[in-house]
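Protein chains: 2
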Amino acid sequence: MRERPSARRSALSVDVLTMTPHGARLALLLNRAADPRAKERWELPWDVPRPGEALDDAAMRAARAPLGRAPSTIEQVGAIGDGRRHPGRAGVSIGFLALVPAGAPAPVGGASAWFPVDELPPLPPRQRALVDAGLTALRTRLEISPVAFRLLPAAFTLSQLQEIYELLLGRRLHKASFRRALQAAWLVEPTDEWRSEGRGRPAQLFRFAPRKRRGGRRGVRFDAMI
Amino acid sequence: MRERPSARRSALSVDVLTMTPHGARLALLLNRAADPRAKERWELPWDVPRPGEALDDAAMRAARAPLGRAPSTIEQVGAIGDGRRHPGRAGVSIGFLALVPAGAPAPVGGASAWFPVDELPPLPPRQRALVDAGLTALRTRLEISPVAFRLLPAAFTLSQLQEIYELLLGRRLHKASFRRALQAAWLVEPTDEWRSEGRGRPAQLFRFAPRKRRGGRRGVRFDAMI
DNA sequence: TGACATTAGTAGCAAAAGGTGAATAATTCG
DNA sequence: CGAATTATTCACCTTTTGCTACTAATGTCA
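From first to last, the protein sequence lines stand for chains G and W.
With our numbering as the guide, the letters of the first sequence map in order to residues 1 to 226.
With our numbering as the guide, the letters of the second sequence map in order to residues 1 to 226.
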């Protein structure tokens, strides 16, 4: 079982937002609160970096414990150091987004569970703010970082990929346009496998394999601003 | 004169990347190193947050001291907490990007100076990494956050705005296309002032005034990824 | 004063990119 | 086998973008 961070006040914590698709929704991994006096019963996995340890490594440790394995990516999303309460009473908490491919196993033991992000239980205020920042970052990075691919196994169907985008964007996308744009960007390559998912025509499996940038000259886009 | 942070080892520092356009280049504000034994003679302005003080407020203090006034924006760019050296020997350093409109006065006293970002003197390794992260963040946020407008005074010409974009993107943009996209996004509104800048036709001044979003339905763009 | 250089701002067109619905393909189920 | 279901592609049309060229307003200098 994992070692729980000491209850002593610490200067710094790393708090992990472990996300995975669960059906048509995004799920977040929460730990049962260690402190029985805590008003909130659940909290983000968190830990205190060891002296000299890189923040990413500390976050990876915190993510690994309840998950039972390493997430496919971990990236920083922001630091909060104001008066809002943190379960470890850390002065500053740094949020990390950990992405787990769909089909993740249940968390280790009964001390952790997945929650749909739109039905989260009450959280310590600072962690609640980190969750909001992380969800915003996830959507912001969707078009510039391969986050969607990190929420899928190495081989996936284009319909699965589109579902991830729809889940993260919160709206339906047109299938033909989605595929045309994807192919034009040389981001995926087909494998020679096909998956039959019950009824209907089997789908070809693709893998994430970004190719060289073709002439990337582009004007400026102002329509994504504010 | 500003109070220099204590030389004691601290758990945390906020380090500020103060940027302003200088001619056709971006300039960064550096402080002369406090420690005479330091190999690098210059360093990013930095400070240690007071207990209970929000990180943004601490960063604003650190930015204000050498600049003599508040920057137009300050935003977090990332935290580094690995083995790389920091002048205050902080365990973790959080980088903040502070933007200053063009035409900034010279820094306060002789303890600070502007340097073009592509000709920076040697910096403490951790601060060097923060600078790189900050420049990347600046370019990444260019299309989703009004950073370019924060590098200009409240009233500006469209040519000035285009120059900022060209400076940040490192490439020339087409005038007609730039203006057409800008007008279509309802981001600026004309004032009734005109500026005569020596030779050539006088330019109308505009101000940043984002209007309501017109139907924002859009497909997914994959061409900005990786 | 008038030709010319210089900077600002616009039009218009062709090409590329994007949105949409329908057609076609390959399966499972009954 | 035929209906239902899912995948994949096509064809058509609209919007966006890149580009060249043009007009406008000012300073310079002979």
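The set of hints was computed from the structure by calculation and includes no laboratory data.
Be a bit skeptical, because a hint or two may be false.
Treat identical chains as interchangeable: a pair holds within one or across any two.
[To be verified] SDA-like cross-link-like pairs, simulated, lysine to any residue; straight-line CA separation at most 20 Å:
1. K175 x G68
2. K212 x D223
3. K175 x D35
4. K212 x A102
5. K175 x G216
6. K175 x G91
7. K39 x A185
8. K175 x W186
9. K39 x R64
10. K39 x A106
11. K175 x D223
12. K175 x P36
13. K212 x M225
14. K175 x I164
Remember, it's a predicted structure, so these values are computed and weren't measured experimentally.
Taking the hints in turn, this is what the structure says about them:
1. When the C-alpha separation of K175 and G68 is checked against a cutoff of 20 Å, the pair qualifies neither within a copy, at 35 Å, nor between copies, at 54 Å.
2. Proximity of K212 and D223 under a CA criterion of 20 Å is satisfied inter-copy only: 11 Å between copies versus 26 Å inside one chain copy.
3. Taking the shortest alpha-carbon separations for K175 and D35, neither the intra-copy value of 48 Å nor the inter-copy value of 61 Å comes in at or below 20 Å.
4. With identical chains, the CA atoms of K212 and A102 are never at most 20 Å apart, being 28 Å at best within one copy and 37 Å at best between copies.
5. When the C-alpha separation of K175 and G216 is checked against a cutoff of 20 Å, the pair qualifies only between copies, where the shortest distance is 18 Å, while the shortest distance within a copy is 24 Å.
6. Proximity of K175 to G91 under the C-alpha cut-off of 20 Å is found in neither arrangement, the shortest distances being 47 Å within a copy and 49 Å between copies.
7. Taking the closest pair of Cα atoms, K39 and A185 never come within 20 Å of each other, the shortest separation being 48 Å inside a single copy and 46 Å across copies.
8. For a Cα distance limit of 20 Å, the shortest separation of K175 from W186 inside one copy, 17 Å, qualifies, whereas the shortest one across copies, 30 Å, does not.
9. In the homo-oligomer, the alpha carbons of K39 and R64 never lie at most 20 Å apart, since the shortest distance is 26 Å inside one protomer and 39 Å across protomers.
10. Within a single copy, K39 and A106 get their C-alpha atoms no closer than 25 Å, and across copies no closer than 52 Å, so neither meets the 20 Å cut-off.
11. Taking the shortest alpha-carbon separations for K175 and D223, only the inter-copy value of 17 Å comes in at or below 20 Å, while the best intra-copy value is 22 Å.
12. In this assembly of identical chains, the alpha carbons of K175 and P36 never lie at most 20 Å apart, being 49 Å within a copy and 63 Å across copies at closest.
13. Proximity of K212 and M225 under a CA criterion of 20 Å is satisfied inter-copy only: 11 Å between copies versus 28 Å inside one chain copy.
14. For the homomeric pair K175 and I164, the shortest alpha-carbon distance inside one copy (13 Å) is at most 20 Å, but the shortest distance between copies (38 Å) is not.
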